[in-house]
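Asks: Listed below, chain by chain, are the residues.
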Amino acid sequence: MRKWLVPAVMIGALMAAAASPAHAHKLKVFATAVGERIEGTVYFVGGGPAPGARILVESTDGKPIEELTADDAGAFAITAKVRTDHVIVTDSADGHSARTTIPASLLPTSLPLPASVPATTATESPGSTAPAPTLEGREGRTGDPNATEASIAQAVAQQVAPLRQQLSAYEDQVRLRDVLGGLGYILGLAGLFAWMRARRPTGGGR
Amino acid sequence: MAHIPDGVLSAPVLIGAAAATAVGVAIALKRLDSERIPQTAVLTAVFFVASLVHIPIGPTSVHPLLSGLMGLVLGWAAVPAVLVGLVLQAAFFGFGGITVLGVNTFNIALPALLIAAVIGPLLRTAVNPRRIALLGALAGAVGVVLTAVLVCLSLAFSAQEYRPALTIVLASYAPLAAVEAVLTAAAVSLLRRVKPELLSVGGARHA
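From first to last, the protein sequence lines stand for chains V and U.
Start counting the first sequence at 1228; every next residue gets the next number (my numbering).
Start counting the second sequence at 398; every next residue gets the next number (my numbering).
Derived by calculation from the structure, the hints in this document are not laboratory data.
The C-beta atom is built at its ideal place from N, Cα and C for all residues, glycine as well.
Some clues are possibly wrong.
Here are the computed distance ranges between Cβ atoms for each label pair [unchecked claim]: (1) V:Leu-1403 <-> U:Ser-407: 32 to 42 Å; (2) U:Pro-518 <-> V:Thr-1296: 43 to 53 Å; (3) U:Leu-519 <-> V:Asp-1288: 50 to 60 Å; (4) V:Ala-1300 <-> U:Arg-527: 43 to 53 Å; (5) V:Thr-1287 <-> U:Val-420: 33 to 43 Å; (6) V:Gly-1279 <-> U:Ala-423: 37 to 47 Å; (7) U:Ala-423 <-> V:Pro-1291: 34 to 44 Å; (8) V:Glu-1398 <-> U:Gly-413: 30 to 40 Å; (9) V:Leu-1340 <-> U:Lys-427: 54 to 64 Å; (10) V:Gln-1381 <-> U:Val-439: 51 to 61 Å.
Counterexamples of contact, computed for chain U against chain V with all Cβ distances above 12 Å [what the hints assert, rightly or not]: (11) Gly-413; (12) Ile-424; (13) Arg-521; (14) Leu-531.
Start from the sequences, fold in the hints, and give me the full structure.
Replies: So, in structure tokens, the structure goes:
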């Protein structure tokens, strides 16, 4: 009776851990664009934020746009100056790394296209004068259809941001079917291997 | 943090470890008997699921590796067991990745092989239950520490910038080593009492 206690407890603990929705230890970066601002967080899946993670923002062709560090809650924000794909690469300095991409289509059309902006302006600090002209334009001409469209796009982006985050968190979850699928594969592989060995007369079978 | 993700390590480290792993798997499959397939599969399954037991420690988080137990029970068969477990973890859970399979397998399987070679024979001759438990604990702790060292070496050889953080990574494995020492001691003591042939077969043919 007692000798079964140890494996029973071990198996119970393993199953309890596998059944809980949040676990694992993968670094993830989540980012979304609201207007010109790209906001995001770096976190360990199921393990809380990754404070102080290094964040490198670059274009799709690998050109660095900006480099910054996540705050204590693992959060970061930059202001986009060019309407191009922003690749956000992060690294927690102990070998974990993750990346995500903000496609150009999420950024407002009021931003200049990459070709029209020299690369040097991209290294400026966020919150500079770059977005100011667009704001002035919006206030000055309220009837401007472009400005209305931009503010609607921004409002929608703000509403959708938490939804995106939730979706991303949902994606991270290891679900029971993943565990069962993996166990099924192991069983199948073992069966396949045993079958191959059994067919070979010189194999381990007798 | 035994699952190093894609895109962190340099090519020489990746290729070297992949080659070593390929050789290890080839040797192991040649030595694997039909009778040992079920126990290999069972330990593969346990290894696969154990990565979900997540223990947050400091800036990183760890999970049981079971390399000590796998080494003692499986011997050489630990190499394909780890490889299959890691492939499935990458596919189903997104841990690690495909290009780093060789490195991650190497980092977990090499300690298992060393434990099988050094602690395996000692365990087979041990009769005192306390000594058996102690050897099991040693296997569990040594497996974790060796893997931690190998992970740090992989990172250190790939990029200079990881070196400052490595002492923290190493330190974060200490609690895991303690947990795994207890786990492996319990498992080994039990196996020795209930199914001693599992341990002696593993040692005799595969050390």
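Asks: Look at each hint and say if it fits the structure.
Replies: Consistency of the hints with the structure:
no., hint, result
1, V:Leu-1403 <-> U:Ser-407: 32 to 42 Å, "holds, 37 Å"
2, U:Pro-518 <-> V:Thr-1296: 43 to 53 Å, "holds, 51 Å"
3, U:Leu-519 <-> V:Asp-1288: 50 to 60 Å, "holds, 57 Å"
4, V:Ala-1300 <-> U:Arg-527: 43 to 53 Å, "holds, 48 Å"
5, V:Thr-1287 <-> U:Val-420: 33 to 43 Å, "holds, 38 Å"
6, V:Gly-1279 <-> U:Ala-423: 37 to 47 Å, "holds, 43 Å"
7, U:Ala-423 <-> V:Pro-1291: 34 to 44 Å, "holds, 43 Å"
8, V:Glu-1398 <-> U:Gly-413: 30 to 40 Å, "holds, 33 Å"
9, V:Leu-1340 <-> U:Lys-427: 54 to 64 Å, "holds, 60 Å"
10, V:Gln-1381 <-> U:Val-439: 51 to 61 Å, "holds, 55 Å"
11, Gly-413, "holds, 17 Å"
12, Ile-424, "holds, 16 Å"
13, Arg-521, "holds, 21 Å"
14, Leu-531, "holds, 16 Å"
The structure is consistent with each of the numbered hints, conforming to all of them.
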